[in-house]
Amino acid sequence: MLIAGLAAPSLGRAADPEAGRRKAASCVACHGPDGNSTIPTVPSLAGQVATYLHWQMLLYRDKRRADPQMAPIAAALSETDMGDLAAFFAAQRQTASPAAPADAARAEAGKRLAEAYHCNDCHGRDFRGREYAPSLRGLSRDYVVAQMRGFKARTRGDLDGAMTQAAQPVADADIEPLADYIGSIR
Amino acid sequence: MKLRPLRYTLALTCILAVLLVTALVGAQQTQAPPPWKQGQPKELENSTLSPVAQPPAPKAASEIPLGKIKVPQGFKVELWASGINNARVMTWGDKGTLFVSSRVAGNVYAVVDKGGSRELKTIAKGLNLPNGVAFKDGTLYIAEIHRITKMEGIEGKLDSPPEMKVVYDTLPKDAPHGWKYLAFGPDGKLYFNIGAPCNICIPPDTHANISRINPDGSGFEYWAHGVRNSVGFDWHPVTKELYFTTHARDWLGEDVPSDRLDIAPKKGLHFGYPYCHQGDILDPEFGRGRSCGEFAAPLLKTGPHVGGNGVEFYTGSMFPAEYKNRMFLAQRGAWNRTEKTGYKVMMVTLRQGDVPKYEVFAEGWLENNQPWGRPVYTKQMKDGSLLIADDYAGAIYRVSYGR
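These protein sequence lines map, in sequence, to chains E and Z. The working numbering numbers the first residue of the first sequence as 4 and each following residue consecutively. The working numbering numbers the first residue of the second sequence as 1307 and each following residue consecutively.
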């Protein structure tokens, strides 16, 4: 009955966050303690939606999301590892408090833009995400700018094209104010 | 073709007009919501209904509650294969390989039956929602959102798949309803859908249709219009007419509009979208000044929000005689309804001069209004048994009769 060649004997068990903690030892070098990143270009993973994290690892592995550092790391992960890691980081508390925006007026404009572009429709009223859309809390402005530019240029892979589509009408000049706002959500 | 001066001026005027409108819209910052939110009425603004997310991993065989699937007396369900992430459309190769597509997982698989056990190989990955797979004369055709490609001689090269050669790549790139069903018609042409890029909108002339091409990529033409999104069709074994399912628009109500089963026996029919739904409801926004009588009426209203995907005529001899030429409709279920509907395999018996008989064949994937699996496509086996793919659990079930 079981398919041979599907080399995932432990698929039968639920994702294990404690196993994920052990496997995360090398992740935290860049993503920070418990996934609270202090490097602006590296996203925090603490408290992120588990489904989203798991899918992103698959996207990196299958080269649908390009990144020179993540590609070899994801290639070495088993599907069980991905499930465990996603469960671990999703269960961590966000500790890094976001920096106050350098330009408060611009962040305020970004808040209005976030409404105009309907960001909450998928990312949730409080930006905590849903199963199919990531939490935006705790992401740095630099990371958000890079992702938005990538989505708009159709170079940042996403699961079903939804965010690529959503980014198309976003004006270039609106990306930085949006990122200032999202990077400042407390 | 070169533009003549008058046409050139006209074209320029049009471009300027579009630019002006775009600038005005930009200034007002009125952006469209994401497609799944489009058409949501103000009073449902706080609705908690939202799409069902695809799990990133398939269920293990031990996690699949097979006993919950109910089939008619005399039929038996077994788990034929598991661990196939996001398993969707199934098509047979000449030498007995089952090719299986996925959607968001981006993979195409080959399942090789080795007498009781099955071996799974991923033959392509990282693709752009490769829902459509069809096989003919040794070649596997794959439809992604933006292109159709082929792998020649694939069955002899499952461990080192041949390159994907482009058959047709001038398709729209829109993600919403952009994934395709792909099948060979009795005329030897490749048929596929180009869905509406929205929940409800006036689609571009290039969208909301079923189209066809020759297998070499030539001869593109539209077959049916006004089809919001059909991701399942088949041809009647005797009449050779095309039958297809369509997912109806969201946010018009819990019980309307019904999804539909249609017949497109000739080229050029219009099935109503976005003006008329289920053959008798004008769209509140886009239906003004139109009449449902302008459009082809559904053969069968299959129910609201049932998410009808697979359509397959039964031609085997394992099932009782009355099953011959019956249609199996795999309904994956949908999200835009409080009490979920669909998540079943239905069967349709056509009756001369009467409405088709419509009844449940397999159900049980929905438990306490939550799905543990989603039946999405069927495929008859050579021995007349029926495979059902479940993209949520990443599994394929086999339904057999007798003994």
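In short, the hints are calculated from the structure, not lab data. Among the clues, some could well be false.
Claimed, not checked - Distance condition first, Cα-Cα at most 25 Å in a straight line; then the derived DSS-like pairs of lysine-lysine: (1) Z:Lys1376 to Z:Lys1431; (2) Z:Lys1431 to Z:Lys1572; (3) Z:Lys1471 to Z:Lys1401; (4) Z:Lys1427 to Z:Lys1688; (5) Z:Lys1376 to Z:Lys1546; (6) E:Lys66 to Z:Lys1479; (7) Z:Lys1442 to Z:Lys1420; (8) Z:Lys1495 to Z:Lys1382; (9) Z:Lys1431 to E:Lys155; (10) Z:Lys1546 to Z:Lys1382; (11) E:Lys26 to Z:Lys1495; (12) Z:Lys1401 to E:Lys66; (13) Z:Lys1463 to Z:Lys1420; (14) Z:Lys1348 to E:Lys114; (15) Z:Lys1431 to E:Lys66; (16) Z:Lys1420 to E:Lys155; (17) Z:Lys1401 to Z:Lys1376; (18) Z:Lys1382 to E:Lys66; (19) Z:Lys1382 to Z:Lys1343; (20) Z:Lys1688 to Z:Lys1376; (21) Z:Lys1427 to Z:Lys1463; (22) Z:Lys1382 to Z:Lys1572; (23) Z:Lys1663 to Z:Lys1376; (24) Z:Lys1646 to Z:Lys1348; (25) Z:Lys1382 to Z:Lys1365; (26) Z:Lys1431 to Z:Lys1365; (27) E:Lys155 to Z:Lys1343; (28) E:Lys114 to Z:Lys1343; (29) E:Lys66 to Z:Lys1463; (30) Z:Lys1420 to E:Lys66; (31) E:Lys26 to E:Lys155; (32) Z:Lys1688 to Z:Lys1607.
Predicted, not measured: the structure shown is a model, and the values here were computed from it.
(request) Could you grab the alpha-carbon distance between Lys1463 of chain Z and Lys1420 of chain Z and see if it respects the 25 Å cut-off? (result) Satisfied, since the Cα-Cα distance of roughly 17 Å is no more than 25 Å.
(message) Just to be careful, I want the Cα atoms of Lys1495 of chain Z and Lys1382 of chain Z compared with a cutoff of 25 Å; is the pair within it?
(response) violated (36 Å)
(message) So if I understand the rule, the pair passes when the alpha-carbon distance is 25 Å or less; does Lys66 of chain E with Lys1479 of chain Z pass?
(response) Holds. Lys66 of chain E to Lys1479 of chain Z sits at ~19 Å (cutoff 25 Å).
(request) Take a quick look at whether Lys26 of chain E and Lys155 of chain E sit within 25 Å of each other, Cα to Cα. (result) violated (33 Å)
(request) Would you mind confirming whether the straight-line C-alpha gap from Lys1420 of chain Z to Lys66 of chain E stays at or under 25 Å? (result) Not OK: Lys1420 of chain Z and Lys66 of chain E at ~31 Å, beyond 25 Å, violated.
(request) Take a quick look at whether Lys1376 of chain Z and Lys1431 of chain Z sit within 25 Å of each other, Cα to Cα. (result) violated (34 Å)
(request) With a cut-off of 25 Å on the C-alpha distance, tell me whether Lys1427 of chain Z and Lys1688 of chain Z pass. (result) holds (21 Å)
(message) Check whether the Cα positions of Lys1431 of chain Z and Lys155 of chain E lie no farther apart than 25 Å.
(response) holds (23 Å)
(message) Next pair to validate is Lys1431 of chain Z with Lys1572 of chain Z; report whether the Cα-Cα distance is within 25 Å.
(response) Measuring from Cα to Cα gives roughly 36 Å; hence the hint is violated.
(request) Would you mind confirming whether the straight-line C-alpha gap from Lys1401 of chain Z to Lys66 of chain E stays at or under 25 Å? (result) violated (31 Å)
(message) Hint check: Lys1427 of chain Z vs Lys1463 of chain Z, CA-CA at most 25 Å. Holds or violated?
(response) Given that 25 Å is the threshold and the Cα spacing comes to 11 Å, the pair holds.
(message) Hinted pair, alpha-carbon criterion (25 Å max): Lys114 of chain E, Lys1343 of chain Z. Please report holds or violated.
(response) Satisfied, since the Cα-Cα distance of roughly 20 Å is no more than 25 Å.
In the structure shown, a violation is registered for the earlier hints numbered 1, 2, 5, 8, 10, 11, 12, 16, 17, 18, 19, 22, 30, 31 and 32, in ascending order.
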